[in-house]
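Could you put the whole structure together from the sequences, leaning on the hints where they help?
Given next are the chains, with one letter for each unit.
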Amino acid sequence: MKQSPELHAIQENMRSGSLAGFGFLGSDTRQLIDILEADDALVTQLGTTHGDIARRLQFFYTEGRKGLGQAVEVERRYDVVAEEHKGGIPCPFRDNHTAPKVMVSVTDQKTGQRLSFSALNIHMIQAHGFYEGHGAKFRIEPATVMRILF
Amino acid sequence: MEIVQTVLSISLISSALAVVVVIADRFLNDYGECVIDINGGNRQMTVNGGSTLLSALAANRIFIPSACGGKATCGLCTVQVASDVGPVLPTEEPYLSEEQVNEGVRLSCQIKIKHDLEIHIPEELFNIEQYQARIEKITDLTHDIKEFRFALEEPAELAFKPGQYVQIDSKPYGSVTESVSRAYSISSVPSDKGFVDLIIRLVPNGICTTFMHEHVKEGDTITLRGPFGDFYLRDGADDLVFIAGGSGLAPIKSLVFDILEQGLEKNMTFFFGAVTKKDLYYVELFQDLEKRYPNFRYIPALSNPAPEDAWQGDVGLITDVVAKYVETPVNKQAYLCGSPGMINACINVLTGIGLTEDEVFYDKFT
Numbered sequence: 001m002k003q004s005p006e007l008h009a010i011q012e013n014m015r016s017g018s019l020a021g022f023g024f025l026g027s028d029t030r031q032l033i034d035i036l037e038a039d040d041a042l043v044t045q046l047g048t049t050h051g052d053i054a055r056r057l058q059f060f061y062t063e064g065r066k067g068l069g070q071a072v073e074v075e076r077r078y079d080v081v082a083e084e085h086k087g088g089i090p091c092p093f094r095d096n097h098t099a100p101k102v103m104v105s106v107t108d109q110k111t112g113q114r115l116s117f118s119a120l121n122i123h124m125i126q127a128h129g130f131y132e133g134h135g136a137k138f139r140i141e142p143a144t145v146m147r148i149l150f
Numbered sequence: 001m002e003i004v005q006t007v008l009s010i011s012l013i014s015s016a017l018a019v020v021v022v023i024a025d026r027f028l029n030d031y032g033e034c035v036i037d038i039n040g041g042n043r044q045m046t047v048n049g050g051s052t053l054l055s056a057l058a059a060n061r062i063f064i065p066s067a068c069g070g071k072a073t074c075g076l077c078t079v080q081v082a083s084d085v086g087p088v089l090p091t092e093e094p095y096l097s098e099e100q101v102n103e104g105v106r107l108s109c110q111i112k113i114k115h116d117l118e119i120h121i122p123e124e125l126f127n128i129e130q131y132q133a134r135i136e137k138i139t140d141l142t143h144d145i146k147e148f149r150f151a152l153e154e155p156a157e158l159a160f161k162p163g164q165y166v167q168i169d170s171k172p173y174g175s176v177t178e179s180v181s182r183a184y185s186i187s188s189v190p191s192d193k194g195f196v197d198l199i200i201r202l203v204p205n206g207i208c209t210t211f212m213h214e215h216v217k218e219g220d221t222i223t224l225r226g227p228f229g230d231f232y233l234r235d236g237a238d239d240l241v242f243i244a245g246g247s248g249l250a251p252i253k254s255l256v257f258d259i260l261e262q263g264l265e266k267n268m269t270f271f272f273g274a275v276t277k278k279d280l281y282y283v284e285l286f287q288d289l290e291k292r293y294p295n296f297r298y299i300p301a302l303s304n305p306a307p308e309d310a311w312q313g314d315v316g317l318i319t320d321v322v323a324k325y326v327e328t329p330v331n332k333q334a335y336l337c338g339s340p341g342m343i344n345a346c347i348n349v350l351t352g353i354g355l356t357e358d359e360v361f362y363d364k365f366t
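Quick note, the sequences are listed as chains A and B, same order. Residue numbers for the first sequence follow the working numbering, so the first one is 1 and each next one is one higher. Residue numbers for the second sequence follow the working numbering, so the first one is 1 and each next one is one higher.
One or more of the hints may lead you astray.
To be verified - Cβ-to-Cβ under 7 Å is the rule here; a few derived chain B residues that face chain A:
id : residue
1  : N304
2  : V315
3  : L317
4  : S339
Simulated from the structure, these hints should not be mistaken for laboratory data. Note that CB positions come from ideal geometry on N, CA and C, so glycine has one too.
Here is the structure:
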């Protein structure tokens with residue numbers, strides 16, 4: 001699919017070392033529009049929406065922050081740790097949103113499976129349907145979210 | 001032969017066009033010399049038009065706080081502009097309140113100098129200097145926190161108040177092609193002349209902390225600017241409560257050591273919150289202070305100690321531990337440094353005990 005100049009500029013903004021040390025695209029060589037389209041299709045195939053995924057992540061984010069860095073038990077099934085770091089990180093979509101640097105780690109007590117995500121991940125999924133490129137350090141796999149958190 | 005001629009022709013045409021563009025840029029974007037008047041004639045400087053206000057001021061050694069290097073992503077570089085510089089740009093809007101816009105506050109990184117300007121900035125910004133500093137020593141404090149000791153080279157001394165911070169500039173590394181500026185609190189004391197210590201925690205995917213943790217070594221030279229910030233000791237109370245977590249220990253260490261060094265008659269209690277023992281550092285240092293100074297008490301607390309920690313100290317969220325020990329608000333001030341979540345929770349506890357909000361000072365990790 002042809003990519004708009006705006007999206008092209010955003011993709012440039014996502015490269016390593018522009019806003020975040022390791023960037024948002026990883027080893028993904030596709031155009032941003034194709035990454036968005038593919039994840040959109042994937043989420044639909046999983047029978048859910050970006051909004052539902054973002055809301056679930058937001059729930060764990062909110063619960064985890066209550067622990068002030070300590071693990072919090074959620075739904076008698078998950079251990080959630082929210083770790084806050086200094087500063088904020090602007091959304092690469094240039095929507096004037098700056099997310100706090102908070103990393104959340106959710107571990108399923110029964111299976112030991114773990115999912116980590118950032119406050120910015122939640123925003124980018126909610127507002128842009130963006131899960132980051134393949135191989136990106138903070139790529140969120142929609143299927144993994146569904147398997148562990150739902 | 002024909003191919004060579006074609007390539008040559010294209011190269012010549014491209015070169016000619018480039019020359020035209022450079023000449024046009026010089027004449028069309030030549031705003032000439034512009035005068036910047038600061039604080040009603042307090043200072044004036046003549047600069048070449050065309051650059052941003054932030055960079056023009058920095059070139060004249062007036063350093064406005066900025067953490068993003070002029071990309072309009074931190075919102076720190078605000079100045080009050082009395083002259084007409086056009087409407088607020090979309091890039092500025094998220095960082096300016098309605099009140100600020102009405103007062104003419106703008107992001108200096110977004111203001112291009114095209115004519116004479118009149119601006120207002122806090123007087124204390126005139127004291128901020130840029131320093132070249134050599135990394136004298138790097139110490140691992142925990143699995144993700146390091147302390148950096150800088151020997152100041154030029155200028156050779158930095159006057160600051162305990163609790164204040166400096167900005168450091170990273171350099172390009174790996175796939176990171178640009179330099180960024182980030183703020184870190186000073187952990188040393190002003191009497192340690194010629195040196196500045198910073199405590200830096202590694203942020204996953206962070207440009208500057210990754211640079212400092214993985215791409216610098218002892219002997220390297222770094223650019224610092226400062227001092228910045230209004231987190232410092234205030235008059236008015238004899239009992240001081242300090243609360244910190246993670247790298248938030250840095251400004252508290254500076255404050256505590258300076259107070260002891262000055263011989264100020266203050267009773268101090270320092271609460272430091274961590275999850276497990278591996279997140280604690282400088283325990284012996286503060287325990288030693290506690291033995292030597294009857295007016296200093298150190299209370300480290302672990303929220304979730306590991307069995308192998310064999311922890312004998314306080315256990316629980318730092319808020320619970322503070323509530324357990326701080327009973328009365330009388331004659332107290334509190335100084336907090338850590339994550340926004342920790343600070344907000346501690347403010348609730350302290351105001352619940354009876355401290356007023358103007359008796360609680362904090363340096364949020366924002």
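* Hints violated by the structure (numbers, ascending) -> Of the numbered hints given earlier, the structure breaks just one, which is hint 2.
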